[in-house]
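Trainee: Single-letter residue listing:
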Amino acid sequence: DAGITQSPRHKVTETGTPVTLRCHQTENHRYMYWYRQDPGHGLRLIHYSYGVKDTDKGEVSDGYSVSRSKTEDFLLTLESATSSQTSVYFCAISESKASGANVLTFGAGSRLTVL
Amino acid sequence: QKEVEQNSGPLSVPEGAIASLNCTYSDRVSQSFFWYRQYSGKSPELIMSIYSNGDKEDGRFTAQLNKASQYVSLLIRDSQPSDSATYLCAVMGEGFKTIFGAGTRLFVKA
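In the order they appear, the protein sequences are chains Z and V. So the first sequence is residues 1 to 115, counted in our numbering. So the second sequence is residues 1 to 110, counted in our numbering.
Only chain Z is shown next, with the shape it has when bound in the complex:
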């Protein structure tokens, strides 16, 4: 068990309000990711982190910012939420397996609705 906790699990907010989603891991993994999942689009990478204070953009980073001040926490912030950001957000960590592969393990997801 990779020990990934996402919070909140469900949130309803209004357009224009700021929202922060938190991903917490307990096993000191270096790489952490934020994805969003929408019908017909699969999982799309928003931002990822390869260490404390080291982050980079993914496929759909516009309107999102991230921060990682501690190894265990990766925060995703919507500065001013829009209805197009209604989605299910998944946090993931990358684990190195015995085969040498780096595979993703996902949190339970956070469902965000922007009215």
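Hint data in this document are derived by calculation from the structure and do not stem from the laboratory. Please note that a few of the clues may not be correct.
[Stated by the list, open to error] Distance windows between CB atoms, simulated:
1. Z:S69 - V:G16: 46 to 54 angstroms
2. V:N53 - Z:R22: 39 to 47 angstroms
3. Z:Y50 - V:E45: 22 to 30 angstroms
4. Z:T86 - V:G93: 24 to 32 angstroms
5. Z:T26 - V:R60: 30 to 38 angstroms
6. Z:K70 - V:P14: 45 to 53 angstroms
7. Z:K70 - V:E45: 33 to 41 angstroms
8. V:A17 - Z:S83: 37 to 45 angstroms
9. V:S69 - Z:S96: 24 to 32 angstroms
[As the list claims (entries may be wrong)] 16 angstroms max Cα-Cα, derived EDC-like pairs, lysine to aspartate or glutamate:
10. V:K42 - V:D83
11. V:K67 - V:D27
12. V:K97 - V:D27
13. V:K97 - Z:E59
14. V:K109 - V:D83
15. Z:K57 - V:D83
16. V:K109 - V:D78
17. V:K97 - Z:E95
18. V:K97 - Z:D56
19. V:K42 - Z:D38
20. V:K67 - V:E5
21. Z:K70 - Z:D54
22. V:K67 - V:E3
23. Z:K70 - Z:E27
24. Z:K53 - Z:E72
25. V:K97 - Z:E72
26. V:K67 - V:D55
27. V:K109 - V:E15
Values in this document were obtained by computation on a predicted structure and should not be read as measured data. Yeah, the Cβ is synthetic: ideal placement off N, Cα and C, and Gly gets one too.
Since the structure of chain Z is provided, determine the placement of chain V on it from the hints.
Mentor: Coordinates of chain V only, in the frame set by chain Z:
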């Protein structure tokens, strides 16, 4: 834009049949390839990974990779109703960035 393409389905097969899921990718430098399964309302979970050309078998699952054709497939033998889910093809490229396809919905009819 690096892409991973999958047929969205749904793919419907009878119980006991072989389900064949396909995926193509655009980034030739990709080195790691994965299949994740996602049940409705749940998180994706890894079922197969493959890194070199050829076949890799794990129980009822076989992953096939052809880097020259930029093609990855997943075969599920003796399909069971419990295999009904969305299957996501994923490709890891530079910087440990993993890009997913849109997923193929599989229905296994009892």
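Trainee: The structure should be examined with respect to each hint, and the outcome stated for every one.
Mentor: Now for the hints, and whether the structure bears them out:
A hinted range of 46 to 54 angstroms for the beta carbons of S69 (chain Z) and G16 (chain V) is consistent with their spacing of about 53 angstroms. Between N53 (chain V) and R22 (chain Z) the Cβ separation comes to about 41 angstroms, which falls inside the hinted range of 39 to 47 angstroms. Under the hint 22 to 30 angstroms, the C-beta atoms of Y50 (chain Z) and E45 (chain V), about 23 angstroms apart, fit the expected range. For T86 (chain Z) and G93 (chain V), the hinted distance range of 24 to 32 angstroms is satisfied, since their beta carbons lie about 28 angstroms from each other.
Take T26 (chain Z) and R60 (chain V): their Cβ atoms lie about 32 angstroms apart, and the range 30 to 38 angstroms holds. Range check, K70 (chain Z) to P14 (chain V): Cβ separation about 51 angstroms, and the 45 to 53 angstroms hint holds. At about 27 angstroms, the CB distance of K70 (chain Z) to E45 (chain V) disagrees with the hint of 33 to 41 angstroms. In this structure the hint that A17 (chain V) and S83 (chain Z) lie 37 to 45 angstroms apart at CB holds, the actual value being about 42 angstroms.
Evaluation of the 24 to 32 angstroms hint for S69 (chain V) and S96 (chain Z) yields a pass: the beta carbon distance comes to about 28 angstroms. Taken as a hint, the K42 (chain V) and D83 (chain V) pair is honoured in the structure, with Cα atoms around 14 angstroms apart against an allowance of 16 angstroms. Taking the CA atoms of K67 (chain V) and D27 (chain V), the gap is near 10 angstroms; set against the 16 angstroms cutoff, the hint holds. With a C-alpha separation of about 12 angstroms, the suggested pairing of K97 (chain V) with D27 (chain V) holds against the 16 angstroms cut-off.
Only pairs whose Cα atoms come within 16 angstroms are accepted, and K97 (chain V) paired with E59 (chain Z) is accepted, the gap being roughly 10 angstroms. The suggested pairing of K109 (chain V) with D83 (chain V) holds, with an alpha-carbon distance near 10 angstroms, which does not exceed 16 angstroms. Note on K57 (chain Z) and D83 (chain V): the hinted pairing is violated, with a Cα-Cα distance of about 34 angstroms set against a maximum of 16 angstroms. Distance hint between K109 (chain V) and D78 (chain V) is fulfilled; the C-alpha atoms sit about 12 angstroms from each other, no more than 16 angstroms.
With a C-alpha separation of about 13 angstroms, the suggested pair K97 (chain V) and E95 (chain Z) falls inside the 16 angstroms cut-off, and the hint holds. Pair hint K97 (chain V) plus D56 (chain Z) holds up; C-alpha atoms about 10 angstroms apart against a cutoff of 16 angstroms. Distance check on the hinted pair: K42 (chain V) and D38 (chain Z) sit about 13 angstroms apart at the alpha-carbon level, within 16 angstroms; holds. Note on K67 (chain V) and E5 (chain V): the hinted pairing holds, with a Cα-Cα distance of about 15 angstroms set against a maximum of 16 angstroms.
At most 16 angstroms may separate the alpha-carbon atoms for a hinted pair to count; K70 (chain Z) and D54 (chain Z) meet this at roughly 11 angstroms. At most 16 angstroms may separate the alpha-carbon atoms for a hinted pair to count; K67 (chain V) and E3 (chain V) meet this at roughly 15 angstroms. Taken as a hint, the K70 (chain Z) and E27 (chain Z) pair is honoured in the structure, with Cα atoms around 12 angstroms apart against an allowance of 16 angstroms. Among the hinted pairs, K53 (chain Z) with E72 (chain Z) is consistent with the structure: their alpha-carbon atoms are about 12 angstroms apart, no more than 16 angstroms.
Between K97 (chain V) and E72 (chain Z) the CA atoms are separated by roughly 19 angstroms; this puts the pair beyond 16 angstroms, and the hint is violated. Among the hinted pairs, K67 (chain V) with D55 (chain V) is consistent with the structure: their alpha-carbon atoms are about 12 angstroms apart, no more than 16 angstroms. Between the alpha carbons of K109 (chain V) and E15 (chain V) the distance comes to roughly 5 angstroms, so the proposed pair stays at or under 16 angstroms and holds.
In this structure, the hints that do not hold are numbers 7, 15 and 25, in rising order.
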